[in-house]
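*Asks:* Build the full structure now, drawing on both the sequences and the hints.
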Amino acid sequence: MSCPDADLLIAGGGLAAQRCCETLRRLGFDGRIVVLCEEPSTPYDRPPLSKSVLIDEREPEGLSFRPASWYEEHDVELLLGVAAAELDLAERTIVLSERASAAGPGGRRDAGRMRFKELLIATGSRPRRLQGIPVGGAVHELRTHEDALLLRAALRERDGRLAILGAGLIGMEVAAAARALGREVTLIEAAETPLARVLPPALGSWIAYLHRLHGVDVRLATAVERVSLQEGSARLELSDASVLDAAGVLVAVGTSPATEWLASAGLGPGAIYTDAGGRTELPGVYAAGDAACFPDPFLKLPLPSQHWEAAVRQGVAVARSIVGLPPAPPAPSMFWSDQHGHRIQFVGHATPDCEIELDGDPATGESFAAWIARAGRPQGALLVDRPQSLPAARARIAGAEEPSVSSGEKSSDNNNHSKRGALWPAYR
Amino acid sequence: MACIPVIDEASCLAHGDCEALAPDVFRIEDVATVIGTAPLEQLVSIAEACPASAISVIDEATGEQLYP
Numbered sequence: 001m002s003c004p005d006a007d008l009l010i011a012g013g014g015l016a017a018q019r020c021c022e023t024l025r026r027l028g029f030d031g032r033i034v035v036l037c038e039e040p041s042t043p044y045d046r047p048p049l050s051k052s053v054l055i056d057e058r059e060p061e062g063l064s065f066r067p068a069s070w071y072e073e074h075d076v077e078l079l080l081g082v083a084a085a086e087l088d089l090a091e092r093t094i095v096l097s098e099r100a101s102a103a104g105p106g107g108r109r110d111a112g113r114m115r116f117k118e119l120l121i122a123t124g125s126r127p128r129r130l131q132g133i134p135v136g137g138a139v140h141e142l143r144t145h146e147d148a149l150l151l152r153a154a155l156r157e158r159d160g161r162l163a164i165l166g167a168g169l170i171g172m173e174v175a176a177a178a179r180a181l182g183r184e185v186t187l188i189e190a191a192e193t194p195l196a197r198v199l200p201p202a203l204g205s206w207i208a209y210l211h212r213l214h215g216v217d218v219r220l221a222t223a224v225e226r227v228s229l230q231e232g233s234a235r236l237e238l239s240d241a242s243v244l245d246a247a248g249v250l251v252a253v254g255t256s257p258a259t260e261w262l263a264s265a266g267l268g269p270g271a272i273y274t275d276a277g278g279r280t281e282l283p284g285v286y287a288a289g290d291a292a293c294f295p296d297p298f299l300k301l302p303l304p305s306q307h308w309e310a311a312v313r314q315g316v317a318v319a320r321s322i323v324g325l326p327p328a329p330p331a332p333s334m335f336w337s338d339q340h341g342h343r344i345q346f347v348g349h350a351t352p353d354c355e356i357e358l359d360g361d362p363a364t365g366e367s368f369a370a371w372i373a374r375a376g377r378p379q380g381a382l383l384v385d386r387p388q389s390l391p392a393a394r395a396r397i398a399g400a401e402e403p404s405v406s407s408g409e410k411s412s413d414n415n416n417h418s419k420r421g422a423l424w425p426a427y428r
Numbered sequence: 001m002a003c004i005p006v007i008d009e010a011s012c013l014a015h016g017d018c019e020a021l022a023p024d025v026f027r028i029e030d031v032a033t034v035i036g037t038a039p040l041e042q043l044v045s046i047a048e049a050c051p052a053s054a055i056s057v058i059d060e061a062t063g064e065q066l067y068p
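As given, the protein sequences belong to chains P and E, one line each in that order.
Per this note's numbering, residue 1 is the first one in the first sequence, and the count goes up by one each step.
Per this note's numbering, residue 1 is the first one in the second sequence, and the count goes up by one each step.
The set of hints was computed from the structure by calculation and includes no laboratory data.
Here a beta-carbon is modelled for each residue, glycine too, at the ideal position from N, C-alpha and C.
There may be inaccurate statements among the hints.
If you anchor each label on the Cβ, the simulated ranges turn out as follows [as the list claims (entries may be wrong)]: (1) P:Arg115 x E:Ile58: 49 to 57 Å; (2) P:Ala196 x E:Ile4: 36 to 44 Å; (3) E:Ala61 x P:Pro269: 58 to 66 Å; (4) P:Thr364 x E:Asp59: 29 to 37 Å; (5) E:Gly16 x P:Ala395: 20 to 28 Å; (6) E:Glu64 x P:Ala395: 14 to 22 Å.
Every beta carbon over 10 Å from chain P, so not counted as near; a handful from chain E, in silico [claimed, not checked]: (7) Glu19; (8) Ala22; (9) Val34; (10) Ile58; (11) Asp59; (12) Thr62.
*Replies:* And the structure:
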């Protein structure tokens, strides 16, 4: 068999890929690294797409993780506009495709094959779509820089209401940005509270309250039955029998892992399961980021995470595995969001049977912390404008998992948070 | 009073907000490193902006933690 084209081939040019490259070079890995970047730009940071890019018109160059010279200096080859189309396991080869404008918008053409010694699957995820609501024109989705530019232009150039389908982080951050730009916004969520998969209802209700306070029309437990598109606008028929006219629609109902290209290799569909070092079931094949499903070190079960922080830790974990190091010590998972001028941080987990204790009063608009526990053991925390409490929250959650910590020590820790409010009433 | 920022390397995820706010104080590689200092007030506002809350501020002379 001929020599591989790459010692490490990375399919996907997002955050996990970037952090894997950075860590490998820092650890002294000197093999040839090739990164397939489906988008035409060098790897860039996505969180600003739903925040500052919409409000302050931050430009694409400002979002790049590294200047182009970094990739030359660190001998990392980026193939821009090139995607992985198929994995040929027997030949340890990836079939490539590239954007071809001649093949029409979104058209792709064959771009040869590349042989690898080791492979990192980091193709990320793409927004879920809803049947009967084609994206394009007045209907937006938000994943790439290109999507953000289209949404930004629509927010600035057109008047009228923006209807957002889905009260997840993307939907809520865009709602906040659109309000900051003076647009009318309706946020429609099928579940009874926002972020229902991660936040207990009492805390999800607080986020709905925050958005209402800032003039967002929040419709919970409401589904979209039908969308009819007219010239530059949309009419939405909702499950509560109401009708909503909007100048623009954002579909933000979650993502699915972009792993279809692995079907012929027997992987997927869905996220690719790995161990704590990012190893898949296939030798020399790793996965990280939105395309991967790592075991959660605290819940001790496979748990896909589409958060920024998971992509960082997983990219680093794969780099450490490649050079033969064990994974870094586990840290409780965490995400953050900026909405209506508030810094919202969530660390750990919340199970449906959790107990919540408040430090501060969410109704006042001031900072507060919600400490989440299960059977008396700290499990998670929601911090609003309390960044200084995050280190303590992490320590409490990590400490609760360690059998060496006696229950006496834990209860004295709990006493440090003596000022507690009543449970936040569920808003509807 | 001279104060210096300290990075908790296990928590730092190299978001880069600190470097953007104070390029003379922080440099981002795979984690943030401290390359300078600034007045306490400025350091605290940078520490508050860190999405991973990985920055603390100490009094250089006494080692006393000033933030968080």
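*Asks:* Next step is simple, just say for each hint if it's right about the structure.
*Replies:* Against the structure, the hints:
1. P:Arg115 x E:Ile58: 49 to 57 Å: Because 52 Å falls inside the window, the suggested range holds.
2. P:Ala196 x E:Ile4: 36 to 44 Å: Distance hint for Ala196 of chain P, Ile4 of chain E holds at roughly 43 Å.
3. E:Ala61 x P:Pro269: 58 to 66 Å: holds, 59 Å
4. P:Thr364 x E:Asp59: 29 to 37 Å: For Asp59 of chain E against Thr364 of chain P, whose Cβ atoms are near 32 Å apart, the range 29 to 37 Å holds.
5. E:Gly16 x P:Ala395: 20 to 28 Å: holds, 25 Å
6. E:Glu64 x P:Ala395: 14 to 22 Å: This hint holds: roughly 19 Å between Cβ atoms.
7. Glu19: holds, 12 Å
8. Ala22: Nearest chain P Cβ is 16 Å from Ala22 of chain E, so the label holds.
9. Val34: holds, 17 Å
10. Ile58: holds, 14 Å
11. Asp59: holds, 17 Å
12. Thr62: Holds, because the least Cβ-Cβ distance between Thr62 of chain E and chain P comes to about 20 Å, which exceeds 10 Å.
Of the numbered hints listed earlier, not one is contradicted by the structure.
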